[in-house]
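Here the protein sequences line up with chains A and B, keeping their order. The numbers in numbering that gives the first Met the number 0 rise by one with no breaks, and the one at position 113 of the first sequence is 112. The numbers in numbering that gives the first Met the number 0 rise by one with no breaks, and the one at position 29 of the second sequence is 28.
Heads up, some of the hints might be wrong.
Stated by the list, open to error - Below, in silico cross-link-like pairs of lysine-lysine (DSS-like), each with a Cα-Cα straight-line distance of 30 Å or less:
hint: 1; chain 1: B; residue 1: Lys111; chain 2: B; residue 2: Lys32
hint: 2; chain 1: A; residue 1: Lys190; chain 2: A; residue 2: Lys143
hint: 3; chain 1: B; residue 1: Lys111; chain 2: B; residue 2: Lys92
hint: 4; chain 1: A; residue 1: Lys254; chain 2: A; residue 2: Lys208
hint: 5; chain 1: A; residue 1: Lys208; chain 2: A; residue 2: Lys253
hint: 6; chain 1: B; residue 1: Lys111; chain 2: A; residue 2: Lys66
hint: 7; chain 1: A; residue 1: Lys254; chain 2: B; residue 2: Lys32
hint: 8; chain 1: B; residue 1: Lys32; chain 2: A; residue 2: Lys66
hint: 9; chain 1: B; residue 1: Lys88; chain 2: B; residue 2: Lys111
hint: 10; chain 1: A; residue 1: Lys92; chain 2: A; residue 2: Lys229
hint: 11; chain 1: B; residue 1: Lys140; chain 2: A; residue 2: Lys92
hint: 12; chain 1: B; residue 1: Lys140; chain 2: A; residue 2: Lys229
hint: 13; chain 1: B; residue 1: Lys88; chain 2: B; residue 2: Lys114
hint: 14; chain 1: A; residue 1: Lys143; chain 2: A; residue 2: Lys196
hint: 15; chain 1: B; residue 1: Lys32; chain 2: B; residue 2: Lys92
hint: 16; chain 1: A; residue 1: Lys190; chain 2: B; residue 2: Lys88
hint: 17; chain 1: A; residue 1: Lys190; chain 2: A; residue 2: Lys208
hint: 18; chain 1: A; residue 1: Lys254; chain 2: B; residue 2: Lys111
hint: 19; chain 1: B; residue 1: Lys140; chain 2: A; residue 2: Lys208
hint: 20; chain 1: B; residue 1: Lys140; chain 2: A; residue 2: Lys253
hint: 21; chain 1: A; residue 1: Lys254; chain 2: A; residue 2: Lys92
hint: 22; chain 1: B; residue 1: Lys32; chain 2: B; residue 2: Lys140
hint: 23; chain 1: B; residue 1: Lys32; chain 2: A; residue 2: Lys253
hint: 24; chain 1: A; residue 1: Lys143; chain 2: A; residue 2: Lys208
hint: 25; chain 1: A; residue 1: Lys229; chain 2: A; residue 2: Lys208
hint: 26; chain 1: A; residue 1: Lys66; chain 2: B; residue 2: Lys114
hint: 27; chain 1: B; residue 1: Lys114; chain 2: B; residue 2: Lys92
Unchecked claim - Estimated spans, in silico, between C-beta atoms of each pair:
hint: 28; chain 1: A; residue 1: Asp60; chain 2: B; residue 2: Gly104; range: 40 to 46 Å
hint: 29; chain 1: A; residue 1: Val81; chain 2: B; residue 2: Gly104; range: 35 to 41 Å
hint: 30; chain 1: A; residue 1: Gly170; chain 2: B; residue 2: Gly90; range: 41 to 47 Å
hint: 31; chain 1: A; residue 1: Ala155; chain 2: B; residue 2: Thr130; range: 18 to 24 Å
hint: 32; chain 1: B; residue 1: Gln43; chain 2: A; residue 2: Lys92; range: 44 to 50 Å
hint: 33; chain 1: A; residue 1: Thr198; chain 2: B; residue 2: Ile80; range: 23 to 29 Å
hint: 34; chain 1: A; residue 1: Asp60; chain 2: B; residue 2: Thr42; range: 34 to 40 Å
hint: 35; chain 1: B; residue 1: Val65; chain 2: A; residue 2: Asp244; range: 23 to 29 Å
hint: 36; chain 1: B; residue 1: Glu137; chain 2: A; residue 2: Pro225; range: 31 to 37 Å
hint: 37; chain 1: A; residue 1: Ala70; chain 2: B; residue 2: Val40; range: 49 to 55 Å
hint: 38; chain 1: B; residue 1: Glu137; chain 2: A; residue 2: Ser73; range: 17 to 23 Å
Read the hints as simulated data drawn from the structure, not as lab findings. Ideal Cβ placement from N, Cα and C applies to all residues, glycine included.
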Amino acid sequence: MRRRLLVLVILAATPAAGVAQSPLQTLEGMWSNPPRTIAGTSCAFYCTDVLLDRLNELIDDPANDSKPLSALSSDASARQRVYIEGLLTPAAKETYPLDPADDPGLLRCEPWGLVRQMFAPHQLEIRARGRDQIELHYGEWDAKRIVHMDGRPRPAGPATRLGYSVGRWDGATLVVETSGVSANQAGWNAKHSEQVKVTERFTRGADGKTLNLVATIEDPWSLRAPLVAKKIWSWSPTSQIGAYDACEPPAAVKKGAGR
Amino acid sequence: MNARLTLSIVLMLAVVAQRARAHHSFSAVYDDKRSVTVTGVVTQFRFVNPHALMSLDVTDDSGTVVTWVVEFAGRLNLSEIGWTANSIKSGEKLTVTGNPTHAPGPRLAFQKIVKADGSELLPAAAQRNQTLEDERRERAKRRAPQG
Chain A
0 MRRRLLVLVI LAATPAAGVA QSPLQTLEGM WSNPPRTIAG TSCAFYCTDV LLDRLNELID
60 DPANDSKPLS ALSSDASARQ RVYIEGLLTP AAKETYPLDP ADDPGLLRCE PWGLVRQMFA
120 PHQLEIRARG RDQIELHYGE WDAKRIVHMD GRPRPAGPAT RLGYSVGRWD GATLVVETSG
180 VSANQAGWNA KHSEQVKVTE RFTRGADGKT LNLVATIEDP WSLRAPLVAK KIWSWSPTSQ
240 IGAYDACEPP AAVKKGAGR
Chain B
0 MNARLTLSIV LMLAVVAQRA RAHHSFSAVY DDKRSVTVTG VVTQFRFVNP HALMSLDVTD
60 DSGTVVTWVV EFAGRLNLSE IGWTANSIKS GEKLTVTGNP THAPGPRLAF QKIVKADGSE
120 LLPAAAQRNQ TLEDERRERA KRRAPQG
């Protein structure tokens, strides 16, 4: 009886796996717009190493010193577009690039699906919710995601806009795996399917002032190989997420103008 | 300001303005190749998300008052450069430059505001671009001598 009681005491004193044992405090708090650096601005939505490598190559070439930075950025963005287009399957290419004039977010103020939302600009607030959940709260669309840290797999059920996220710690890195995301459009103007699986790795920068995301997107329907994209936020403890209640669809849009 | 610098700023403003209007495509609604300037009296400024909005009564040559709507970046981007809900007040006379919509109509995407006292309000992009160009110049300085 005494041994059983001892076991119970030990179990009660042991934190649940996940948040209570985690280095969450290194990530918890308010993050916002990217640092005012070339890399930060280039990754304001998302970027790939293809873009960053090309941009660095152009900036470091003295022959480009007289060219505006915007021209170099456009060149690097074009290189990235070619790279991403090369990853798309024939099925995804049938509708690529999607016309921004058809964007449901524009036409109907319809919030984004996960594959756009996770690269949304502005704030990302990371907070513990109880012992085994972490909330990711985005300024854009006032969207909230729950990361389940208790190790349980995704329960059966229909796919949703932001999917079901399961998290774990890899050292000081929060690894979030999300599936069960309904078919939608990605930030690179292509459709994705319900088969999409996203692995996000959130790490605080060495200087403590930045939050870095490396996301791997896999979707056999739309991508021939995983796409790895990055994003950077700045530590912004005084920033507040305001109401997102004044979205108004435009009176008119021009097809083809934003492609 | 020489022509190349002007072009550089205009191009960069276009790139970053697109990013600032994050929740949808700017170019599906506004014509980024044209600018329009109007002068009028503010009747409302809404410091809201996803985009701040201003109503401006503009009187044309025939005396007809037309209400123009000016769309800005979101509250967060404007806050970043010190804007508040009181940065623009009802009753103020302003001269506004912006990109018009593709479809004809009294609506602009904000590029510049000149107040009655001559002071200017500019997008956050203008300040950010200067920082980026400074970083680039620093990198050029640190570059190893060629040859």
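Hint-by-hint comparison with the structure:
1. Distance restraint check for lysine 111 of chain B and lysine 32 of chain B: the Cα-Cα separation of roughly 15 Å lies within the 30 Å cut-off, and the hinted pair is therefore satisfied.
2. Between lysine 190 of chain A and lysine 143 of chain A, the direct Cα distance comes to roughly 22 Å. Compliance with the 30 Å bound is thereby established for this hinted pair.
3. Taking the CA atoms of lysine 111 of chain B and lysine 92 of chain B, the gap is near 14 Å; set against the 30 Å cutoff, the hint holds.
4. For the given pair, lysine 254 of chain A sits about 41 Å from lysine 208 of chain A by alpha-carbon distance, which is inconsistent with the 30 Å threshold.
5. Restraint check for lysine 208 of chain A and lysine 253 of chain A: not satisfied, since their Cα atoms lie roughly 40 Å apart, outside the 30 Å limit.
6. Simply put, lysine 111 of chain B and lysine 66 of chain A have alpha-carbon atoms about 25 Å apart, close enough for the 30 Å limit, and the pair holds.
7. The suggested pairing of lysine 254 of chain A with lysine 32 of chain B holds, with an alpha-carbon distance near 16 Å, which does not exceed 30 Å.
8. Pair hint lysine 32 of chain B plus lysine 66 of chain A holds up; C-alpha atoms about 21 Å apart against a cutoff of 30 Å.
9. Only pairs whose Cα atoms come within 30 Å are accepted, and lysine 88 of chain B paired with lysine 111 of chain B is accepted, the gap being roughly 16 Å.
10. Restraint check for lysine 92 of chain A and lysine 229 of chain A: the C-alpha separation of about 23 Å stays at or below 30 Å, so the hint holds.
11. Taken as a hint, the lysine 140 of chain B and lysine 92 of chain A pair is broken in the structure, with Cα atoms around 43 Å apart against an allowance of 30 Å.
12. Straight-line distance between C-alpha atoms of lysine 140 of chain B and lysine 229 of chain A comes to about 28 Å, which keeps the hinted pair within the 30 Å bound.
13. Annotation: proposed proximity of lysine 88 of chain B to lysine 114 of chain B holds, straight-line Cα distance about 11 Å (limit 30 Å).
14. Proposed proximity of lysine 143 of chain A and lysine 196 of chain A is supported: the alpha carbons are some 18 Å apart, at most 30 Å.
15. The hinted pair formed by lysine 32 of chain B and lysine 92 of chain B meets the criterion: a straight-line CA distance of about 26 Å does not exceed 30 Å.
16. About 43 Å separates the Cα atoms of lysine 190 of chain A and lysine 88 of chain B, which puts this hinted pair outside 30 Å; it is violated.
17. In summary, the hint linking lysine 190 of chain A to lysine 208 of chain A is not supported, as the alpha carbons are separated by about 34 Å, beyond the 30 Å threshold.
18. This hinted pair checks out: lysine 254 of chain A and lysine 111 of chain B have alpha carbons roughly 27 Å apart, not beyond 30 Å.
19. Restraint check for lysine 140 of chain B and lysine 208 of chain A: the C-alpha separation of about 26 Å stays at or below 30 Å, so the hint holds.
20. Pair hint lysine 140 of chain B plus lysine 253 of chain A does not hold up; C-alpha atoms about 44 Å apart against a cutoff of 30 Å.
21. The straight-line distance between the Cα atoms of lysine 254 of chain A and lysine 92 of chain A is roughly 18 Å, inside the 30 Å bound, and the hint therefore holds.
22. Straight-line distance between C-alpha atoms of lysine 32 of chain B and lysine 140 of chain B comes to about 34 Å, which puts the hinted pair past the 30 Å bound.
23. Pair hint lysine 32 of chain B plus lysine 253 of chain A holds up; C-alpha atoms about 14 Å apart against a cutoff of 30 Å.
24. Pair hint lysine 143 of chain A plus lysine 208 of chain A holds up; C-alpha atoms about 23 Å apart against a cutoff of 30 Å.
25. Distance restraint check for lysine 229 of chain A and lysine 208 of chain A: the Cα-Cα separation of roughly 16 Å lies within the 30 Å cut-off, and the hinted pair is therefore satisfied.
26. Note on lysine 66 of chain A and lysine 114 of chain B: the hinted pairing is violated, with a Cα-Cα distance of about 33 Å set against a maximum of 30 Å.
27. Pair hint lysine 114 of chain B plus lysine 92 of chain B holds up; C-alpha atoms about 7 Å apart against a cutoff of 30 Å.
28. For the pair aspartate 60 of chain A and glycine 104 of chain B, the beta carbons lie near 45 Å from each other, so the given range of 40 to 46 Å is met.
29. At about 37 Å, the beta-carbon gap between valine 81 of chain A and glycine 104 of chain B stays in the expected band of 35 to 41 Å.
30. Here the CB-CB span from glycine 170 of chain A to glycine 90 of chain B is close to 57 Å, at odds with the stated 41 to 47 Å.
31. A hinted range of 18 to 24 Å is violated for the C-beta pair alanine 155 of chain A and threonine 130 of chain B, which are about 50 Å apart.
32. The given range of 44 to 50 Å is respected by glutamine 43 of chain B and lysine 92 of chain A, whose C-beta atoms sit roughly 45 Å from each other.
33. A hinted range of 23 to 29 Å is violated for the C-beta pair threonine 198 of chain A and isoleucine 80 of chain B, which are about 35 Å apart.
34. Between aspartate 60 of chain A and threonine 42 of chain B the CB atoms are about 51 Å apart, so this pair departs from the stated range of 34 to 40 Å.
35. The supplied range of 23 to 29 Å is met by valine 65 of chain B and aspartate 244 of chain A, whose beta-carbon atoms lie about 27 Å from each other.
36. For glutamate 137 of chain B paired with proline 225 of chain A, a C-beta distance near 35 Å keeps the hint of 31 to 37 Å intact.
37. Hint check: alanine 70 of chain A to valine 40 of chain B, Cβ distance near 40 Å, so the stated range 49 to 55 Å is violated.
38. A hinted range of 17 to 23 Å for the beta carbons of glutamate 137 of chain B and serine 73 of chain A is consistent with their spacing of about 22 Å.
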